[in-house]
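> Sequence:
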Amino acid sequence: MGYVNYEAWQEFSDHDITYVTREKRKCRYETLETREIPEEDRDSVISDETVKLSWRRRWKRPMTGEELSHRRGRRPKSGVVLVSESRSGRHKCRRITKWKDKRDEGTITFLTNDLDTPASVLCEVYRRRWQIETLFKRLKQNFPLKHFLGDNRNAIQIQIWTSMIAWLLMQVIKRQTRRKWSLSNLMTAVHILLNSYTGLYDFLDHPEGQWLKIIEARQKSASAYQELALFPPQSPPFSRIKRRPLIYRELHMKKRWIELLSDSNIINQ
Numbered sequence: 002m003g004y005v006n007y008e009a010w011q012e013f014s015d016h017d018i019t020y021v022t023r024e025k026r027k028c029r030y031e032t033l034e035t036r037e038i039p040e041e042d043r044d045s046v047i048s049d050e051t052v053k054l055s056w057r058r059r060w061k062r063p064m065t066g067e068e069l070s071h072r073r074g075r076r077p078k079s080g081v082v083l084v085s086e087s088r089s090g091r092h093k094c095r096r097i098t099k100w101k102d103k104r105d106e107g108t109i110t111f112l113t114n115d116l117d118t119p120a121s122v123l124c125e126v127y128r129r130r131w132q133i134e135t136l137f138k139r140l141k142q143n144f145p146l147k148h149f150l151g152d153n154r155n156a157i158q159i160q161i162w163t164s165m166i167a168w169l170l171m172q173v174i175k176r177q178t179r180r181k182w183s184l185s186n187l188m189t190a191v192h193i194l195l196n197s198y199t200g201l202y203d204f205l206d207h208p209e210g211q212w213l214k215i216i217e218a219r220q221k222s223a224s225a226y227q228e229l230a231l232f233p234p235q236s237p238p239f240s241r242i243k244r245r246p247l248i249y250r251e252l253h254m255k256k257r258w259i260e261l262l263s264d265s266n267i268i269n270q
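The sequence shown begins at 2 in the working numbering and counts up one residue at a time.
Honestly, the hints are just simulated from the structure, not real lab data.
Computed from a prediction, not measured in an experiment: that's the story for all the values here.
Note that CB positions come from ideal geometry on N, CA and C, so glycine has one too.
Among the hints, erroneous ones may be present.
[What the hints assert, rightly or not] With a straight-line cut-off of 20 angstroms between C-alpha atoms, the simulated DMTMM-like cross-links for lysine to aspartate or glutamate are:
(1) K93 - E31
(2) K53 - D15
(3) K53 - E24
(4) K181 - D206
(5) K53 - E106
(6) K93 - E24
(7) K103 - D42
(8) K53 - E67
(9) K53 - E8
(10) K93 - D15
(11) K101 - E50
(12) K93 - D17
(13) K53 - D117
(14) K175 - D206
[Unchecked claim] For each label pair, taking beta carbons as the anchor points, the in silico distance ranges come out as:
(15) A167 - V81: 50 to 60 angstroms
(16) T98 - W131: 16 to 26 angstroms
(17) E86 - Y30: 23 to 33 angstroms
Whole structure, please, built from the sequences with the hints as guidance.
Written as structure tokens, this is what we have:
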């Protein structure tokens with residue numbers, strides 16, 4: 002999180018939202034407790050404290066009609082009468098100070114409302130914050146997380162965990178293939194091959210030859226269905242509906258794969 006707003010941080014804590022951010026310069030705080038640092042973290046973590054931050058916010062708002070009717074003095078002929086208001090409070094959080102990667106560069110201080118997680122883990126979370134942002138961005142782009150299948154908390158958590166498991170499986174497949182596929186194209190390939198009896202890694206390593214085999218197998222199965230006459234001819238009311246031949250659809254899918262394979266994001270030229 003890249004902005005300083007103590008009131009917003011308190012709202013995060015009220016709604017059980019965890020944050021980790023850097024401390025701004027000349028931050029005033031009151032120390033409530035000094036935590037003990039584990040022995041394995043003493044080389045990097047300098048201090049771990051529980052503190053309280055005081056905040057005060059001022060703003061102006063227009064006076065309502067009822068307030069104007071009870072207002073003493075001359076009533077303004079035109080314009081809006083502004084009233085000054087303020088709000089103050091205190092926010093309880095955790096203050097962690099650690100050395101930077103090189104001790105010559107000095108120290109860095111974090112503020113967080115997570116009072117249970119070890120200090121070294123929270124520092125690592127902040128260091129990898131952009132990787133976490135990229136992960137959630139790709140999850141929202143490639144998985145249906147914009148629309149949830151259920152309304153309760155359990156259904157939403159199941160859908161998120163399922164997407165995370167699928168994401169990890171895609172990463173394993175991506176690392177074990179010889180070609181360099183982009184994640185979106187890799188997921189498109191897996192989605193198309195779900196109903197095909199073909200080796201996934203064989204297809205991803207040699208998609209051109211494997212795709213021709215898939216087309217031939219589907220053409221053979223289509224001709225076998227036609228020879229067995231499993232599907233009777235359509236009745237007259239539906240005879241005007243024209244469907245594209247199976248071979249035409251297979252050629253169209255082959256053309257789509259050729260365009261997909263020519264993408265610079267898939268093949269490392």
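> Work down the list of hints and note, for each, if the structure agrees.
Hint check:
1. K93 - E31: holds, 9 angstroms
2. K53 - D15: Holds, because 15 angstroms separates the two Cα atoms, which is no more than 20 angstroms.
3. K53 - E24: holds, 13 angstroms
4. K181 - D206: holds, 9 angstroms
5. K53 - E106: Distance of about 28 angstroms is beyond 20 angstroms: violated.
6. K93 - E24: holds, 14 angstroms
7. K103 - D42: holds, 16 angstroms
8. K53 - E67: violated, 39 angstroms
9. K53 - E8: holds, 12 angstroms
10. K93 - D15: Since the Cα atoms of K93 and D15 sit roughly 11 angstroms apart, the hinted pair holds (cutoff 20 angstroms).
11. K101 - E50: holds, 18 angstroms
12. K93 - D17: holds, 13 angstroms
13. K53 - D117: holds, 17 angstroms
14. K175 - D206: This hinted pair holds, its Cα atoms lying about 11 angstroms apart.
15. A167 - V81: 50 to 60 angstroms: holds, 55 angstroms
16. T98 - W131: 16 to 26 angstroms: holds, 22 angstroms
17. E86 - Y30: 23 to 33 angstroms: holds, 25 angstroms
Hint check: violations occur at hints 5, 8; the rest are consistent with the structure.
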